[in-house]
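Chains as they are written, first to last, in the numbering used here: chain A, 1 to 260; chain B, 1 to 260; chain C, 1 to 260; chain D, 1 to 260.
Derived from the structure by calculation, the hints contain no laboratory data.
Don't be surprised by glycine CBs; every beta carbon is placed ideally from N, CA and C.
One thing to keep in mind: the hints can contain errors.
[Said to hold, decoys possible] Chain D regions said to be covered by chain A (calculated; three or more residues, Cβ under 8 Å):
#1 60-66
#2 144-156
#3 180-186
#4 234-242
[To be verified] Only part of the chain D face toward chain A is listed, based on derived beta-carbon distances under 8 Å:
#5 THR163
#6 VAL166
#7 ASN190
#8 LEU192
#9 ALA193
#10 ALA194
#11 GLY195
#12 PHE197
There are 4 protein chains.
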Amino acid sequence: MFFCKMAPTSLAYRFRQSVAPTALRSYAAEFISTFFYVFSVVGASIASRKFVPGAAATDPSSLLVVAMANAFALASAVYIAANVSGGHVNPAVTFGMAVGGHISVPTALFYWFAQMLASIMACIVLRVTIVGQRVPSYVIAEEMTGFGASVVEGVLTFALVYTVFVASDQRRGSCSAIGAVMVGLMAGANVLAAGPFSGGSVNPACAFGSAIVAGSFKNQAVYWIGPLIGAALAGIVHDNVVFPTENVDSFTGVPDAVAV
Amino acid sequence: MFFCKMAPTSLAYRFRQSVAPTALRSYAAEFISTFFYVFSVVGASIASRKFVPGAAATDPSSLLVVAMANAFALASAVYIAANVSGGHVNPAVTFGMAVGGHISVPTALFYWFAQMLASIMACIVLRVTIVGQRVPSYVIAEEMTGFGASVVEGVLTFALVYTVFVASDQRRGSCSAIGAVMVGLMAGANVLAAGPFSGGSVNPACAFGSAIVAGSFKNQAVYWIGPLIGAALAGIVHDNVVFPTENVDSFTGVPDAVAV
Amino acid sequence: MFFCKMAPTSLAYRFRQSVAPTALRSYAAEFISTFFYVFSVVGASIASRKFVPGAAATDPSSLLVVAMANAFALASAVYIAANVSGGHVNPAVTFGMAVGGHISVPTALFYWFAQMLASIMACIVLRVTIVGQRVPSYVIAEEMTGFGASVVEGVLTFALVYTVFVASDQRRGSCSAIGAVMVGLMAGANVLAAGPFSGGSVNPACAFGSAIVAGSFKNQAVYWIGPLIGAALAGIVHDNVVFPTENVDSFTGVPDAVAV
Amino acid sequence: MFFCKMAPTSLAYRFRQSVAPTALRSYAAEFISTFFYVFSVVGASIASRKFVPGAAATDPSSLLVVAMANAFALASAVYIAANVSGGHVNPAVTFGMAVGGHISVPTALFYWFAQMLASIMACIVLRVTIVGQRVPSYVIAEEMTGFGASVVEGVLTFALVYTVFVASDQRRGSCSAIGAVMVGLMAGANVLAAGPFSGGSVNPACAFGSAIVAGSFKNQAVYWIGPLIGAALAGIVHDNVVFPTENVDSFTGVPDAVAV
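All chains, please: the whole structure from these sequences, using the hints.
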């Protein structure tokens, strides 16, 4: 704290920080959480296809299976990583956090690497163990344009990343555990709304890993462009418009006329 | 507290309060939360129709999709706005708060405007991006009378607004985060009970926005009269019968004119 | 505490306590919570029948609708009453609390009256507003014996009441809000397990109100004998075996004889 | 703490601790929680079969019924036992805790006995009361190999036990109640992903009890080998890699050798 004059935010310094033991534990936590999130979500997608052959989520029950897997797996995945890495579990969240200056760029790149690797590994385990079923990649509905799907994914990712920002805001006190639940619920609501149209990935790592293992990168851009733009906007709106931070001693409600 | 004689609650004073920076942040928070709530709920309704053409919620699975979207989206929408605007996300809640004197009338009108605008915008985004699907408006079942549907919506809104009042009551201590979950669960239970009969809107903004974009205002009064009466009654019963208060200066929502 | 020698727990004293203003607020809270719980659960049962004519819960989706309505409605109903009446919302819970000495018998009778009245009122409102649908009464599956169904309902009620006892135990600190969620989850799990066999009422008030309005009391004893025995056992096991207490003067519910 | 030189951790000492009154209360809590967990999960499996004869979980709705029963029942079962026994409700969790040194081996064996007995009893009650339905045993999908199913069960159990370790970590402060919710959500996500392939037991007691009563031990090893390896790894990774601890004498579960 006292010796910060030597430009500690230089790239070299930041990189050294990114490979410190606490940072390495963060990457392990991101790997574990993303692995189990992707395992559950892609596994549930395969499971719902087992009964109803064809494209994913072709009836409301299949949609529910995938949405519930998203909500439940994301809530618990965020929870188990929250105290170590912040519980991003999503490259879009990491991107939004980096844009907002909450984590450094080198650290964000390591987070991305851990998330991507975890997603690919989870899809490989699914493919190897579940014989006779292929790993599905995310697809957009036939009637959707790539631009429309990207807008939908962007809107959903804005919602998700904004929720992560609110849940991560330490000014809320001891609410971080319930924050993980909220992030999961928001993801579940998102998938229920957009699953049959844009695929409802909201997580570039999940879309990337399943595309790698499925060998199909069709529309992959949809799951990157929209979410990254949405994530960056969510962080900017949260930090500058709705929750600007000068000195926030009074928070709940609109405290008007507290004193004259 | 001591200097309340100068009539600080004059309309002009209240209006000035309603356009203060903290108030503007409240409206932004209401806009964001209502946008994502309506996006999820109406999106889920479109999604469930995609598989089963015809009226909304024609089988138990579709009903579950819409109810879960309501529960999950409302819980997270209330959560992300709770610390700024009180997390109304619903004109009926705002109405009940205004009737109970917890927010001023000018502020309530701005809340309503933000909620309505958000709902219309969300429906427009859905309509533009999801090609080939029309935005559904809320409808009542054929066998229902308009009066009966309005009573059902009123009963449900009473339940929802009463829950919001309990969750907003600061005497409960640090339970506001779990309060957001409870509001979502109550909404989900409501939709499961009433979805196939009255439509299960419980939110005039949601009904209004989808009616605007769908271009159909049939039975629109059902989604306003019952809910507003139910909301007013809920606030009155909460504040006067079950949780009577000696001095209610501390309350979430926008506390107006606490001191001069 | 010091002046308890004058037999303050005489029946007359207890009755006077049972009509004190705080007690009356408890009955109002029990009425409101039970009304909305029964409205949601019986409404969801009607809703799931609308699509699939015949007996309740004839396919997994209908079972999910009813179970989710139970879980969501009970969690929020317990929550909104917890700080006033203890959030029983169930005559079996009240019975277990009375057997364990946590509320007085006169108070318990008033609780029962409020719960019964609320259940009947909720079913009447459903019957009047939802034209063309009859209110269903709980039935046991054809292959079940009355004794077997009563055992199942008793086991489920033990689980529910035991959870209420744990959630109400003030030694857990600030967990009462999450306790309401747990009570709801336990009820949902119960209905998923037993719904198609014993009906999965677990709540004598719910079974009684719907039987009154449906005009069918077949197997009504199943929904009273098992649950009341299970509730009493749950309280006894909690207070004496698993969570034995030295001095239990502090407990939720209406505290009787707090001072003289 | 100071007098630990007399080898208080000798087997005889540990055994005496294992039959102390507080330990006996732990076994009772494990018995009650495991009984209700197995009752709900196996009951829901029977319920979903009632409508759709054949193997368990043959359509997405049945899968949802079983997964929701898992999530809801496990969350509430862990919650009601958490303050007494640590809320294991699963021999794999107990195994992971024993491997990590958080409970002693004699205590772990008593936990296992209580869990097994509870599971068998729950299945017997289901078999006796629900006439005309047989208790199902867990089966793996035809296309799965025993090794693949064991890997899947191991991965899922790693996720579950890791979540239990995080939730039990007292450094998180007052989050243990929400921790129970997270454990339930992780279990629900697991079943949604793996239910139709490996059976999604993740709980050797559940698989063992239903196999005993169903009289079929085919593939029983799948539900023991994978989960126990996964549980041990989860504990090791949690305690040594992601959450390394300086001195971990305080932990939930039955604390052994607290004093001499």
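Structure-based check of all given hints:
no. : hint    : result
1   : 60-66   : holds (count 4)
2   : 144-156 : holds (count 7)
3   : 180-186 : holds (count 5)
4   : 234-242 : holds (count 3)
5   : THR163  : 5 Å, holds
6   : VAL166  : 5 Å, holds
7   : ASN190  : 7 Å, holds
8   : LEU192  : 4 Å, holds
9   : ALA193  : 3 Å, holds
10  : ALA194  : 6 Å, holds
11  : GLY195  : 6 Å, holds
12  : PHE197  : 5 Å, holds
Of the hints listed earlier, there is not a single one the structure fails to meet.
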